[in-house]
Amino acid sequence: MVYPVVLAPAFIPELNAVTHTPDGIVFGAACTLSHMGEVLKQAVETLPPHQTEVFLAVLEQLRWFAGLQIRNVAAVGGNIMTASPISDLNPVFMAAGCKLTVMDKDGSRDVQMDDSFFTGYRKTTLRPQEVLLSIEIPHSKKSQFVSAYKQSPRREDDISIVTAAMSVTFTPGSDVVEDLRLSYGGMAATTVLAKKTANRLLGRRWGEELLQEACSSLAEEMTLDPSVPGGMVTYRRTLTLSLFYKFYLTVLQKLRAQGVSVDEVTSDCLSAAEIYHPETASSVQIYQAVPEGRSQDDAVGRPMMHLSALKQATGEAVYCDDVPLYENELYLVLVTSSKAHAKILSVDTSAAECMPGVVCCVFADDIPGSNATGPIAYDETVLARHQVTCVGHIIGAVVADTQLHAQRAAKAVKIQYEELQPVVTIQEAIAAQSFYQPIRTIQKGDLEAGFKQADHILEGEMHIGGQEHFYLETNVTLAVPRGEDGEMELFVSTQSASKTQSLVAKALGIPANRVVVRVKRMGGGFGGKESRTTILSTVVAVAANKYVCQSCHIRASYFEMKCKCCHFLCCGVRLKRPVRCMLDRDEDMLITGGRHPFYGKYKVGYLNSGKVVALDVSYYSNVGNSMDLSLSVMERALFHMENSYSVANVRGHGYLCRTNLPSNTAFRGFGGPQGMMVAENWMMDVAQSLGRPAEEVRRLNLYVEGESTPYNQILDQFTLDRCWDECLSRCGYQERRAAVDLYNRQNRWTKRGLAIVPTKFGISFTAVFLNQAGALVHIYTDGSVLMTHGGTEMGQGLHTKMVQVASRVLGISCSKIHISETSTNTVPNTSPTAASASSDLNGAAVQNACEILMKRLEPYKTQNPKGSWEDWVRAAYFDRVNLSTSGFYKTPDLGYDFDTNSGRAFNYFSYGVACSEVEIDCLTGAHKNLSTTIVMDVGHSLNPAIDIGQVEGAFMQGLGLFTLEELHYSPRGVLLTRGPGTYKIPAFGDIPTHLTVSLLRDAPNEKAIFASKAVGEPPLFLAASVFYAIKDAISAARAESGISGPFRLDSPASAERIRNACCDQFTKLCPPAEPGTFTPWSVQV
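In our numbering, the protein residues as written are 371 to 1455.
Since the hints were made in silico from the structure, they are not lab data.
Careful, some of the hints might be misleading.
[As the list claims (entries may be wrong)] Below 25 Å or equal to it, Euclidean Cα-Cα: the simulated BS3-like pairs (lysine-lysine) are:
no., residue 1, residue 2
1, K566, K411
2, K822, K971
3, K624, K411
4, K981, K971
5, K890, K973
6, K624, K512
7, K981, K814
Hey, can you work out the whole structure from these sequences and the hints?
Written out as structure tokens, the structure reads:
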């Protein structure tokens, strides 16, 4: 919509005025939230405390209202008039009885902000011509107490699940309720007042009987339809009671402070009423310094800054979409399916093609080569032709002169469908037996004998949710036709340049040698750009390659002399124009898939000591609508099904569920975290069923040097026991355990938990052929070195490490070495930058190339031992020595056979241990990450600064996976969480308050470059220590209600799941609806 006049309220004086009155403070509707906060803070400092209760409640909500940048521009009037049902401030304004002044051309009137102000979803009582002029926030009375609460998935900068504001006024000098207002957001289509409950409590004394009456009444009044948008019905209803209980305790304390005779809040309940204030965070990084006397030019092992760090911090780093616009460049926008499973009946592009700037539309018939595509099996289409199998399935694209024109036209494409029944969840796939083949199995030992040996047998299950990659840079491709022989150059944000090259060539019907793919850097990848980037790159390349009849804009074949549509002699020409597309965040999340959701079922046999002797586990992954890399993901899950524990008799099955979701794909850890998560769950079940400390049971079952895995690989150079002992020592585990137990005895409504968790992560591609790498090194006559290799830079510091490797082998400073980009015309047939193996593989290839060059330079060094690097290079050049060479490396002795359960699956293992302590609020489900200590074996670190950064980054990404990030899908397969507004990744406040990372000393790894180890993926699973610390804290809360033993807690441990698991008198008042009696808003996929 185009508006003829735009007004800027910030420049209208009447809307920005602040006036102090005898009754309160009047704020103009355009006053920013920051300015309002400053005024209220000043008032709190100067006015008597009894007058500032409302102000303090507003300030408490402003603490968690968006970020400072938003508060600096957002206006209080805008917050009111958007009428959001989950507004942070409107419940406070309503509970306080704020007065609004509105006006139109005929005059002004006052409106009370009460239960009649909001008339419906996003609607108010204001007439269409009226504007909000101001709001008066009143002083509180001496006998009035006001509190405000907000519960959201993430504490910082997040949208509320439930907000509440409560105001109670007593008869002066007593505890008799004179007036009570309970206002809630998130419990209806508008902000509401619990009037029935409030009326019941008038004239009652503030005590235990009132509390019981209030909770019962609120449970009756604050109901939600089981199918309500946003879901979490039981949790939201319970929150209304829990938040009132917090208010009840707070008011009791304030009444006693005024000398009113009321019940004393017992010491174990005090923490429930505390207002959260974050501690000052601290962190420690510990690594082994390089030996004294080593040359300063040898950069290996030094904490060297990422080579692009300054450019990235200043904005100078060039990403794919920063490539300057080409002349006559066009923009492409995708046309995707709105149905999860359907036949395509018709596609109408007539309206789109008539819109301004549109050049053409692209569909399956425009593909000159093959429409079949996929990273391994060609079970996907570049563009859907007859049927769609997920929401977001790419059907076509619109190409226009600008992004805005292309977006408008894409929305105008009309598609008619015949809907088919979708399979969305793992449970639906199991019921329908909708599986891809093969079903993988690993088995070792005698399972039947193992269960007979066991003193106890337990069974359990767990669901692990998916995860969005949420790289900062979404998928982007720029395709540039080169004008002859079908050549095309692509600038792509991808981890797999060679796979992009081959699939683009396949779609265009040309040899791969006509396609060049260039990757300067990515703004994050995390596996999401290993295979799924090609679904965009192929479409963009097809569009750039398309021929269009200039008469009617219909595609004309390269070999046709006449247009099929207008039958004129072919005046059609190839576009020969560059085409660009960068997905918006919501498109990227919808189309590209993420981490596989997993469902695990297990049966475990164990002795009275806690020693596990038998395990039978089955994994089910939600694959989506194509295989992609899912078989390899499941294989890695099975390879990690025992995590770090020795189990003599074990069997694992892996089922790949075919569903109508966008194909799930690689994500940091690649199935390993899901496999290990289930292992830690049955390990904790064993400990809880025996009533033994979990850390003792874990330590009892840890592998030792020389033992073999379920896939019969012997563990050598085993350092896990060292990591475990160092972690226990550094975190002061026994002292922490005693302190946690003491805290839990002293506090009823907040509980602390502690957990120590190990990881053993296999390093290598499980597809043997991928364990190879190449490099190309040029030495120029001025002594500078230009290098490239098969790996791509996505922020992880790979290029920096490769420069360090070359620096050591060549014996020169890093400043003489440069890496420009990764491209398919310099190093061919590259493996994806994935599996944590890129430093190992590419580093060895770089080493190989540099050693060849050094051998060529050796005669000149011998002739002139006191000469400089530049002297030797020039001498070799004038002696006609080739100063350019390629290097190559392949990992030796790899290859595993599932049929015989033999061979080496991995080159080596990375080990680590983490101990985490958390505190949960049993009433809201919120938790605080108090401390984490990590000990990680990275061998002899190539670069401790980068490696510690990788450990910290992987840990935080894992923390998001296991405690915060949730993808919500509708029962019809529609992704409901398509951006940062609804999908929450960890914020700064989620980092453990005290974080210690220690790289294990004196742990060389003879199987990788310069005795180092892989670091990208292995640390991610250590965040499970936070999950199991939360579960430990929940166990303490359940014990207060007389509940003990194992219980199910699915991942992520969201605030909802934590609260619902802390069974108490409040949860009993809000039982969930019976499954099958309603259609849920979202389903567990």
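Against the structure, the hints come out as follows:
1. The straight-line distance between the Cα atoms of K566 and K411 is roughly 34 Å, outside the 25 Å bound, and the hint therefore fails.
2. Taken as a hint, the K822 and K971 pair is honoured in the structure, with Cα atoms around 20 Å apart against an allowance of 25 Å.
3. Between K624 and K411 the CA atoms are separated by roughly 21 Å; this keeps the pair inside 25 Å, and the hint holds.
4. A threshold of 25 Å between alpha carbons decides the hint, and for K981 with K971 the separation of about 20 Å falls inside it, so the pair holds.
5. Distance hint between K890 and K973 is unfulfilled; the C-alpha atoms sit about 48 Å from each other, more than 25 Å.
6. A distance of roughly 11 Å separates the Cα atoms of K624 and K512; the hinted pair therefore holds under the 25 Å criterion.
7. Only pairs whose Cα atoms come within 25 Å are accepted, and K981 paired with K814 is accepted, the gap being roughly 17 Å.
Hint violations for this structure: numbers 1, 5, all remaining hints satisfied.
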